[in-house]
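For the protein sequence lines, the chains are A and B, in the order given. Anchor point for the first sequence: position 33 equals 1514 in the working numbering, and the numbering is continuous, going up by one each time. Anchor point for the second sequence: position 80 equals 155 in the working numbering, and the numbering is continuous, going up by one each time.
Hints were generated in silico from the structure; no laboratory data involved. Because the structure is a prediction, the values reported are computed rather than measured. You may find that some hints are simply not true.
[What the hints assert, rightly or not] With a Cα cut of at most 25 Å, we get these calculated BS3-like pairs of lysine-lysine:
1. B/146 <-> B/124
2. B/146 <-> A/1559
3. A/1549 <-> B/175
4. B/146 <-> A/1505
[To be verified] Sample of chain A residues with no beta-carbon within 12 Å of chain B, all distances over it, derived:
5. 1492
6. 1498
7. 1499
8. 1508
9. 1552
10. 1576
[What the hints assert, rightly or not] Output of the computed footprint for chain B on chain A, the stretches with three or more beta carbons under 8 Å from beta carbons of chain B:
11. 1554–1568
12. 1587–1594
For each residue, glycine too, the CB sits at the ideal point set by N, CA and C.
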Amino acid sequence: DAGVIQSPRHEVTEMGQEVTLRCKPISGHNSLFWYRQTMMRGLELLIYFNNNVPIDDSGMPEDRFSAKMPNASFSTLKIQPSEPRDSAVYFCASSSPSDNNNEQFFGPGTRLTVL
Amino acid sequence: AQSVSQHNHHVILSEAASLELGCNYSYGGTVNLFWYVQYPGQHLQLLLKYFSGDPLVKGIKGFEAEFIKSKFSFNLRKPSVQWSDTAEYFCAVKGTSYDKVIFGPGTSLSVIP
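With the rest of the complex left out, here is chain A (with noise of 0.2 Å):
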């Protein structure tokens, strides 16, 4: 299995572009969550999803950010304007329903710099 693949790796925008970050889940897993890491504040849950329908999104910031999961091999997370504040790794994650204790499987992270 290739694990969760995110897109891109690297992204490097000026303030005030729509940047879109993706995320395509493990097969077969059905909750899929987007986390925010920063120096200052951690890893922060901003949003996620069970079976394509988001469940809490009381974690994105502001509503500058959007996500979407259209189906169950992939998901958006957009920021729209973006500002230098947003820069950040933002990882995507997903768990399987038949794992009872839900380990969560981490994608590689898009590193985010908006200048």
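Add chain B to chain A, keeping to what the hints say.
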């Protein structure tokens, strides 16, 4: 609300020293507990997990953790650390009736050769 605290922000040890990283959580019900490790520049990986049974859990690379229900704790231990254990360690908790996993703030471990 669920929360997880980790006792130390940054720990520095010499090789072969023993390690114990503290973790406490707040949650009223049955929980699953995890320790994840993040090596420099890499993503989080599961180190070990507890869901039921023996409260002493053994994980990869010689790590173990003990669940003490009365203390709401799940401390991570290793008898002898190596330089390659230098990483960030995250404790996490999940209520069994809830999908969301709550991560602690992390403890950065630096092992000096």
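query = residue 1576 of chain A clear of chain B by more than 12 Å, beta carbon to beta carbon?
reply = violated, 8 Å
inquiry  = Is the claim that residue 1498 of chain A lies outside the interface with chain B correct, judged by CB distances over 12 Å?
reply    = Given that every Cβ of chain B is farther than 12 Å from that of residue 1498 of chain A, nearest at about 25 Å, it holds.
ask   = Are the Cα positions of residue 146 of chain B and residue 1559 of chain A separated by 25 Å at most?
value = It is violated: about 41 Å lies between the C-alpha atoms, which goes past 25 Å.
task = Check the non-interface label on residue 1552 of chain A: least C-beta distance to chain B beyond 12 Å or not.
result = Holds, since 19 Å exceeds 12 Å.
request  = Hey, is residue 1508 of chain A genuinely clear of chain B, shortest beta carbon separation above 12 Å?
outcome  = The claim stands: residue 1508 of chain A keeps its Cβ more than 12 Å from every Cβ of chain B (closest is about 18 Å).
request  = Compare the distance between the alpha carbons of residue 146 of chain B and residue 1505 of chain A with 25 Å, and conclude whether the hinted pair is satisfied.
outcome  = Violated - the C-alpha atoms of residue 1505 of chain A and residue 146 of chain B are around 39 Å apart, more than 25 Å.
inquiry  = For residue 146 of chain B and residue 124 of chain B, compute the direct alpha-carbon distance and say whether it is at most 25 Å.
reply    = holds, 18 Å
query = Does residue 1499 of chain A sit more than 12 Å from chain B, CB to CB?
reply = Holds, because the least Cβ-Cβ distance between residue 1499 of chain A and chain B comes to about 25 Å, which exceeds 12 Å.
key: Three-residue Cβ test at 8 Å for the coverage of the region 1587–1594 of chain A by chain B   = holds (count 4)
inquiry  = If I take the minimum Cβ distance from residue 1492 of chain A to any residue of chain B, is it greater than 12 Å?
reply    = Check passes; 16 Å lies beyond 12 Å.
request  = Take the C-alpha atoms of residue 1549 of chain A and residue 175 of chain B, compute the straight-line distance between them, and say whether it is at most 25 Å.
outcome  = Holds, because 18 Å separates the two Cα atoms, which is no more than 25 Å.
Coverage assertion for the region 1554–1568 of chain A with respect to chain B, Cβ distance below 8 Å, three residues required = violated (count 0)
Of the numbered hints given earlier, the model fails hints 2, 4, 10, 11; all others are met.
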